[in-house]
Structure formats: structure tokens, C-alpha cells
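2 protein chains.
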Amino acid sequence: MMKKIILRDDQMPTQWYNVVPDLPNGLLPPLDPETKEPMGPEKLGAVFPMGLLEQEMSQERFIDIPDEVQEILKIWRPSPLVRARNLEKALGTKARIYFKNEGVSPVGSHKLNSAVAQAYYNAREGVKRLSTETGAGQWGSALSFATNKFNLDCKVYMVRVSFDQKPYRKSMMQTYGADIVSSPSEDTHIGRQIREEYPDTAGALGIAISEALEDAASRDDTKYALGSVLNHVILHQSIIGLEAKKQMEIAGDYPDVILGCCGGGSNFAGLAAPYLPDYLEGKKIRFVGVEPASCPSLTMGKLAYDFGDVAQMTPLLNMHTLGHDFIPPGIHAGGLRYHGMAPIVSAMVRENIIDPIRVHQLECFEAGVLFARTEGIIPAPETCHAIRGAIIEATRDKDEPKSILFNFSGHGLIDMASYDKYFSGELHNYDYPAEDIAKSLARLPKI
Amino acid sequence: MMKKIILRDDQMPTQWYNVVPDLPNGLLPPLDPETKEPMGPEKLGAVFPMGLLEQEMSQERFIDIPDEVQEILKIWRPSPLVRARNLEKALGTKARIYFKNEGVSPVGSHKLNSAVAQAYYNAREGVKRLSTETGAGQWGSALSFATNKFNLDCKVYMVRVSFDQKPYRKSMMQTYGADIVSSPSEDTHIGRQIREEYPDTAGALGIAISEALEDAASRDDTKYALGSVLNHVILHQSIIGLEAKKQMEIAGDYPDVILGCCGGGSNFAGLAAPYLPDYLEGKKIRFVGVEPASCPSLTMGKLAYDFGDVAQMTPLLNMHTLGHDFIPPGIHAGGLRYHGMAPIVSAMVRENIIDPIRVHQLECFEAGVLFARTEGIIPAPETCHAIRGAIIEATRDKDEPKSILFNFSGHGLIDMASYDKYFSGELHNYDYPAEDIAKSLARLPKI
Chain P
23 MMKKIILRDD QMPTQWYNVV PDLPNGLLPP LDPETKEPMG PEKLGAVFPM
73 GLLEQEMSQE RFIDIPDEVQ EILKIWRPSP LVRARNLEKA LGTKARIYFK
123 NEGVSPVGSH KLNSAVAQAY YNAREGVKRL STETGAGQWG SALSFATNKF
173 NLDCKVYMVR VSFDQKPYRK SMMQTYGADI VSSPSEDTHI GRQIREEYPD
223 TAGALGIAIS EALEDAASRD DTKYALGSVL NHVILHQSII GLEAKKQMEI
273 AGDYPDVILG CCGGGSNFAG LAAPYLPDYL EGKKIRFVGV EPASCPSLTM
323 GKLAYDFGDV AQMTPLLNMH TLGHDFIPPG IHAGGLRYHG MAPIVSAMVR
373 ENIIDPIRVH QLECFEAGVL FARTEGIIPA PETCHAIRGA IIEATRDKDE
423 PKSILFNFSG HGLIDMASYD KYFSGELHNY DYPAEDIAKS LARLPKI
Chain B
23 MMKKIILRDD QMPTQWYNVV PDLPNGLLPP LDPETKEPMG PEKLGAVFPM
73 GLLEQEMSQE RFIDIPDEVQ EILKIWRPSP LVRARNLEKA LGTKARIYFK
123 NEGVSPVGSH KLNSAVAQAY YNAREGVKRL STETGAGQWG SALSFATNKF
173 NLDCKVYMVR VSFDQKPYRK SMMQTYGADI VSSPSEDTHI GRQIREEYPD
223 TAGALGIAIS EALEDAASRD DTKYALGSVL NHVILHQSII GLEAKKQMEI
273 AGDYPDVILG CCGGGSNFAG LAAPYLPDYL EGKKIRFVGV EPASCPSLTM
323 GKLAYDFGDV AQMTPLLNMH TLGHDFIPPG IHAGGLRYHG MAPIVSAMVR
373 ENIIDPIRVH QLECFEAGVL FARTEGIIPA PETCHAIRGA IIEATRDKDE
423 PKSILFNFSG HGLIDMASYD KYFSGELHNY DYPAEDIAKS LARLPKI
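Chains as they are written, first to last, in the working numbering: chain P, 23 to 469; chain B, 23 to 469.
Take the hints with a grain of salt, since some may be wrong.
The list treats identical chains as interchangeable, and a pair is accepted whether it falls inside one copy or across any two copies.
Distance condition first, Cα-Cα at most 25 angstroms in a straight line; then the derived SDA-like pairs of lysine to any residue [claimed, not checked]:
id: 1; residue 1: Lys26; residue 2: Gln187
id: 2; residue 1: Lys96; residue 2: Leu50
id: 3; residue 1: Lys305; residue 2: Val183
id: 4; residue 1: Lys443; residue 2: Glu82
id: 5; residue 1: Lys111; residue 2: Gly148
id: 6; residue 1: Lys150; residue 2: Gly199
Simulated from the structure, these hints should not be mistaken for lab results.
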């Protein structure tokens with residue numbers, strides 16, 4: 023009885039899978055906010071390198087992973103597929119639960135898969151510096167690691183509340199050589215403007231995105247990097263699902279249910295997308311996207327064109343959204359506090375391929391502690407959502423011998439403060455603030 | 023070109039290697055402090071279970087790893103052997119540098135290898151509760167994980183300065199269900215006594231050991247667990263070297279130099295010991311133990327009988343020691359701040375098999391940052407010492423194409439505060455306090 027399935031370095035996939043051409047009824051294009059016309063690569067080229075824009079628009083089903091990227095991914099990939107037998111036993115279920123452990127990456131999460139690729143394409147085109155935002159710090163750490171590998175400078179705008187609460191994240195980025203500033207900062211117009219208007223603001227992901235975008239747009243040597251939402255990010259994350267397919271085959275099993283937590287959508291889609299062709303050919307798979315009850319873009323949002331940031335600097339994306347100026351309640355899963363959702367995930371919900379569900383903060387931490395005490399690994403607060411979803415699936419009918427596969431997107435060792443608060447009873451459930459959502463949805467751009 | 027060598031679950035060793043019968047001129051026995059006679063299992067049985075005492079005294083070269091222990095080790099083992107090509111390139115050396123990555127364990131270090139085994143043997147003999155001490159927190163986290171797996175209660179006495187400075191460690195232990203208290207505590211006689219005498223004390227490992235020993239000796243349901251130094255701990259850690267031997271063979275290489283950092287000695291001996299038979303048969307291997315300049319038990323201490331703790335509650339061990347009441351300067355590698363050294367390691371130094379070297383705090387952090395920026399993984403402050411040692415070996419003659427293998431004992435993600443202090447210039451070098459050492463050596467027990 024194998025506990026986990028490990029692939030050798032030379033079994034790592036050498037191509038990414040692009041789900042876009044396989045999406046039933048396709049994707050709607052991003053729109054230029056001014057003209058409301060589809061936005062071409064020429065305008066996006068101000069903030070993204072062509073290599074990534076080509077991937078963003080690509081209709082190719084498979085795209086080669088450059089050798090230089092493969093070499094770096096092999097520092098921690100292929101990641102293990104683990105059978106959660108102890109969790110199964112604790113739940114008293116006949117379900118077989120598997121998880122793909124993305125927590126083994128040096129920065130502790132799946133984010134590194136895309137960061138390495140993004141740094142590579144930028145470096146290849148002569149870019150000298152990348153700007154980005156980070157909320158909980160996972161993406162900022164990942165991009166700091168990746169830019170260091172390709173000798174790029176890196177500027178990270180970190181949401182103020184996280185900057186103050188998570189000094190370890192800051193030190194990690196510094197260790198990889200990045201430049202970190204608390205957002206809103208004095209370094210951009212938009213930052214200075216917000217600091218003047220709201221000196222006590224805790225910051226927000228939407229603000230930090232605006233700052234990073236302004237930074238990139240105002241300097242010739244700098245491009246911008248986004249850690250989720252976009253098609254090219256999900257392309258890079260497809261390596262998770264491609265490996266999992268091989269590993270499940272070695273395990274002699276096939277997933278009946280595939281789950282992941284959903285913030286911007288990239289970790290879930292990375293695992294789920296490579297299974298879409300099987301599904302379209304008739305395989306019965308239930309895809310379950312697990313989102314926080316406090317920020318339920320898939321279950322309570324609208325499928326519409328919206329901005330990705332507060333300052334309305336991004337193109338308009340067709341996605342499930344709670345409105346670009348919606349500020350989610352302060353749950354500890356910072357990576358899930360985003361008003362929108364990847365267009366790819368949104369399209370899969372639109373086509374009824376993905377079933378979204380909502381879960382509350384406390385039941386997620388409870389699931390995380392049970393997981394730590396059975397499988398031994400302490401999950402990130404975001405990952406607790408996926409675990410909670412897997413437990414719901416495994417216990418709905420305990421006698422049903424189904425196979426469940428979820429993405430263990432990251433470990434929680436750098437987020438232990440949230441567990442501390444959970445144990446001391448300082449954490450609360452937040453339901454979605456229905457009125458706030460209604461208000462921000464009323465302010466959606468008119469198309 | 024493989025980046026790393028991974029073994030499958032079914033390639034994990036099923037026996038530990040016991041180096042004791044192979045040590046030239048053997049080990050001197052532990053002595054009863056009162057009678058100065060060799061101490062038998064009957065007296066040690068008050069604090070250790072028979073299963074571990076048998077291992078402590080064993081002359082068998084190979085001992086089966088129980089199935090229940092194997093199953094838990096497979097959560098993260100076999101651990102990867104990685105070729106540090108990027109570090110080699112940065113150093114401009116022809117040396118081939120390999121490291122065994124013990125940082126992949128769920129608690130982030132090699133300590134878990136012994137914690138799982140110790141919890142198993144205690145549980146098998148009906149023990150209900152374990153007490154232990156922890157300095158930096160690595161061992162406390164590991165034992166919390168392991169006791170949870172075998173349904174034992176766990177009480178951790180954590181050195182006060184670490185308890186206050188490392189809240190994440192405390193939260194980790196809590197997540198695994200352990201009971202943690204700041205040491206000196208109100209829960210033991212010795213703790214209360216020290217608090218009364220020195221209300222402002224920062225605590226020390228020697229004090230915490232005394233508290234944990236008192237706890238175990240005063241309760242029928244409780245035994246004591248030690249994370250390093252003893253023979254059975256090094257036995258459990260031998261799995262590191264046994265795996266490494268298989269992996270180096272797959273890599274088609276053989277180590278000319280084997281290194282590890284030395285605190286109590288278990289991580290270094292775990293890697294090195296399984297290579298001793300080859301060495302005794304004539305293989306040329308240089309074993310290098312790297313210790314902090316501030317706490318140089320191997321290079322500046324005396325090989326003598328000494329206590330393992332401040333309160334003189336342990337048996338007398340024949341080891342390299344700086345004196346049981348020596349308090350090392352406050353370097354950040356808390357796991358290396360111990361006055362003594364494993365009798366096994368001490369014997370290998372005595373026989374000129376191990377070459378000990380001293381390194382300073384700042385050069386170690388410098389090495390750690392270089393490692394993070396080349397190999398991607400942020401090392402624990404203790405592990406930085408091994409890396410510094412490897413760099414010294416690899417750059418002494420850069421044109422010498424030798425093979426270097428070191429133990430990457432743990433990652434630094436839960437110790438990022440020390441990196442923060444390194445970057446802000448708050449860390450200093452400490453040389454050994456020669457006068458303090460002379461004084462404490464003068465107080466060695468008379469045999």
C-alpha cells in the first residue's frame with residue numbers, strides 16, 4: 023500500500039495544457055474599458071511581455087515548457103500525490119481521498135509554478151524589472167524567488183495589513199532579493215492619493231494591483247506580473263493536473279470528484295483543467311470549486327464584464343464578480359479575498375461543468391486542524407477550504423466508495439498566527455454582506 | 023541531467039543502522055552520578071521505555087523499523103537527494119555538491135525521524151504521556167506531531183526566550199494537540215525555584231531538560247523524550263544516510279566529503295554513520311562536523327564525563343563538553359546552543375574519523391542567503407552552518423573535482439525573524455567566551 027506516488031524528474035510533463043480551445047462555447051475576449059472593443063496584444067504589451075500575451079490568447083492545446091523553466095521547476099516538481107488514508111479513517115468514510123501536495127515548493131505553495139514561467143518570458147524579452155502586488159504574501163514570495171533566478175529586479179506592493187501582520191513573508195521576499203513596500207505606498211500617484219484620503223486604510227488587493235500596474239506602466243524597464251485569474255497563469259498551473267493524471271493512473275484509480283479552493287481560480291483550474299477533455303468525452307467527474315462564504319464570487323456574484331482592480335486600470339474581463347470595489351470581510355485566507363474569478367473558471371461554471379460551493383471560516387480551520395492531526399501537514403488557510411470541501415464530499419454518504427482528489431495548494435507554516443487566533447477563539451464566521459454586494463454589483467461598468 | 027534523486031515509498035530502508043558496534047574502541051558507558059558505576063536499564067527505565075533503552079545499549083548492527091513507524095515516515099520519506107548545481111556555478115567550483123533535503127518533513131526538519139520512533143515505542147509499552155524540552159522549537163514540534171499520531175499526550179517545556187520570540191512554533195505544537203509551557207515554569211519544583219531566584223531569566227535548554235525530567239520522574243503515566251545526543255536518536259536518524267547511500271549510487275557518484283552541522287550531533291551522525299563501514303574498509307571519506315564558534319564543544323571542549331543538564335539530573339555521559347553549566351552566547355541557531363555532544367560523535371572525533379570545524383554566525387547567514395538565491399530553499403539557521411562548511415570545502419581548491427554531500431537538516435520558514443535581523447544588521451559574530459568555558463570546565467564532575 024503506497025502512501026504517496028512520486029514521479030521522477032524525467033517524468034515531469036514537458037508541455038503545458040491550454041484548456042481554452044476545449045472550453046464549450048469558448049471565452050469572451052477582454053475589452054478595452056474606453057472603447058468597449060476587444061483588447062489586442064498591442065495595448066496589453068505595455069504591461070505584459072509578448073511571450074505571455076501569446077499564451078494568453080493561444081488556441082493551441084499544448085505548449086512546450088522551456089528547458090530553463092523545467093530546470094527550475096525540478097527543484098521541487100513533480101510534486102507528490104498522497105493518499106489521505108488517516109483522514110479517511112478519522113472520517114469513517116469509504117471514499118478514497120487523494121491530495122496533490124503543492125506545499126512542497128520552496129515558498130510553500132503552487133504560486134511558484136507560474137512565477138517561474140512569467141519571470142522567464144520577461145527576462146527573455148529583455149525586461150529588467152517586474153512589479154506585482156501581494157495580499158497574504160504567497161504570490162509575492164513566489165515572484166521574488168523567480169525573478170531572482172532570472173536576474174530581474176522585483177518590486178512587491180504588499181497590502182498594508184499583511185505587511186504589518188506577516189513579517190516572515192517580508193523577510194522571505196527580502197532573502198530572495200526583492201524590494202517590498204507596504205501598500206498604499208508613497209511610491210505611486212494612486213498610493214499617495216489613497217494615503218492622503220484614507221490615512222488609516224488597511225490597504226486592499228485592488229489598491230495594490232493599481233499601484234503595481236502604475237509602476238509598470240510608468241517605467242520602460244518594468245513589466246507587471248499577476249499571480250492568478252489570467253489564462254496564461256492557469257496554463258502554467260496545468261502542470262499540477264497533468265502530473266496528477268499520471269499519478270492517479272499509477273495509483274490505479276480515477277477521480278470521481280475534483281476539488282480546489284477558489285480565490286482567483288488558478289490552483290483549482292490547474293488541477294481540474296487537464297481532466298476536462300476526459301469529462302467532455304463522457305467521463306463522470308464532479309468538479310467542485312470551494313469558495314469562502316464571505317467572498318462568494320461564484321455562488322453570489324454576477325457573470326459580467328468587470329475590472330480586476332479598484333482603480334479601474336485593468337482591461338474588462340468577463341468573469342464572475344462581486345464588483346471591483348467590493349471589500350471582502352477580513353477572513354484569514356487572504357488569497358481568497360478577491361472580488362473576481364478567472365474567466366476560465368467562470369466559463370466552466372457558466373457551462374455547469376464546475377459546481378461551486380460556499381464554506382465558512384471556522385469549519386475550514388476545523389478541517390485544517392483535523393488534517394494536520396491525521397495527515398501531519400498543516401495547511402494554509404486557503405487550502406483549509408479545499409479540505410473542508412473534500413470532507414463534505416467524503417461524508418455525504420460514507421458508504422459510497424468514490425474517489426476524491428483535491429489540490430493541497432500550500433502549507434500553513436508561515437500563517438501559524440491564524441491558527442493561534444483560531445485556538446484562542448478570536449476567529450469568527452462571516453457570511454457574505456448581501457447589501458455591500460448588491461451595491462458594488464450596481465456599480466458594474468455598463469457594456 | 024537529474025536535478026534530484028527521489029526514491030519510491032517501497033525503496034525506503036526497512037532497517038536502521040546502529041553504528042555503535044562498528045565504532046573503533048567502542049563507547050564508554052553512561053555512569054550513575056551517585057555511584058560512578060555504569061548505569062543499567064533498570065534505573066533509566068524510570069524515564070525511558072524499554073524498547074528505546076534496548077536500542078540505546080544494542081550491539082546489533084541493523085534493527086528493524088516497525089511497520090507502524092515506516093507508515094508514518096512515508097508521509098515525507100524517502101527525502102530527496104539534490105544536486106546543488108546552481109550553488110556550484112555561483113561558487114565557480116569543480117566540486118559536485120549534493121544535499122539531502124530533510125526540510126521536506128511536515129515540521130520542516132530531520133527531528134521527526136526520531137520523534138515518530140520514540141512515540142511509537144512509548145505507546146507500545148502503555149505510556150500515556152511524554153514530556154520534553156525544546157529550544158528553537160524544532161524538536162518540540164516534531165514530538166507534538168509524533169505523539170498525536172500515537173494518541174499520547176505531550177507536554178513541552180519551551181525555553182522562555184524562544185517561547186516569546188517564536189509564536190509560530192507554539193501554534194504548530196498546539197495544532198498537533200500538545201501542551202506547551204514557557205520554561206522555567208510554575209509546573210515543576212526546579213522551575214519554580216529558578217523563577218524565584220532569577221525572575222528575569224531567559225531560560226536555557228539545560229533548565230528545560232531538568233523540568234521535563236522532573237515531570238517524567240514524578241508521574242507514573244509519563245516518560246521523557248530527548249531529541250538528540252543519545253544513541254537511539256542517532257539510530258533513528260541513520261535512515262538519512264541509508265537513503266543517501268542508495269541515492270548517491272543512483273547518481274553515479276560517491277562522497278569524498280560528508281558534512282553536517284553539530285548541535286547535539288544527531289543530524290550529522292544520521293547522515294555520516296552509515297558511511298563508517300565503507301571508511302573502515304579503506305574508502306577515503308572526510309567527515310566534517312561544523313559547529314558554531316560561540317559554542318565549540320568539539321573543538322574547544324573536553325572529552326569527559328558530564329551531565330546533560332544544568333540541574334545534574336541526567337546520567338553522566340562520556341562526551342565532548344563545555345561544562346554542563348556553560349551558557350552559550352545568543353546565536354540564532356538555537357539548535358546548536360548545547361554544551362555537550364553525542365557520545366557517538368565524540369567517539370568519532372576521538373578516533374580522528376570526524377574533523378570538527380568552527381564557523382561564525384554572519385558567514386553562516388551569508389551562506390544561507392546565497393543558498394536561498396541559488397538553490398531556492400531558505401535554510402534554517404542551524405543548516406546554514408552545514409552550508410557554510412560545504413562552501414569552505416568546495417572553494418578551498420576550486421579546480422579539485424571532488425564530491426561533497428551535506429545534510430540539509432531543515433528549512434528556515436519558521437525562523438525568518440533571524441534573516442530579518444541579519445538583513446537589518448542586528449546580528450553579530452560571537453567568538454567562544456574562553457574564560458566562561460575554562461570556568462565551567464573546572465566544574466566538571468570528578469570521576
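Consistency of the hints with the structure:
no., hint, in the structure
1, Lys26 / Gln187, "neither (35 angstroms within a copy, 35 angstroms between copies)"
2, Lys96 / Leu50, "neither (35 angstroms within a copy, 46 angstroms between copies)"
3, Lys305 / Val183, "neither (45 angstroms within a copy, 57 angstroms between copies)"
4, Lys443 / Glu82, "neither (47 angstroms within a copy, 48 angstroms between copies)"
5, Lys111 / Gly148, "between (53 angstroms within a copy, 23 angstroms between copies)"
6, Lys150 / Gly199, "within (14 angstroms within a copy, 48 angstroms between copies)"
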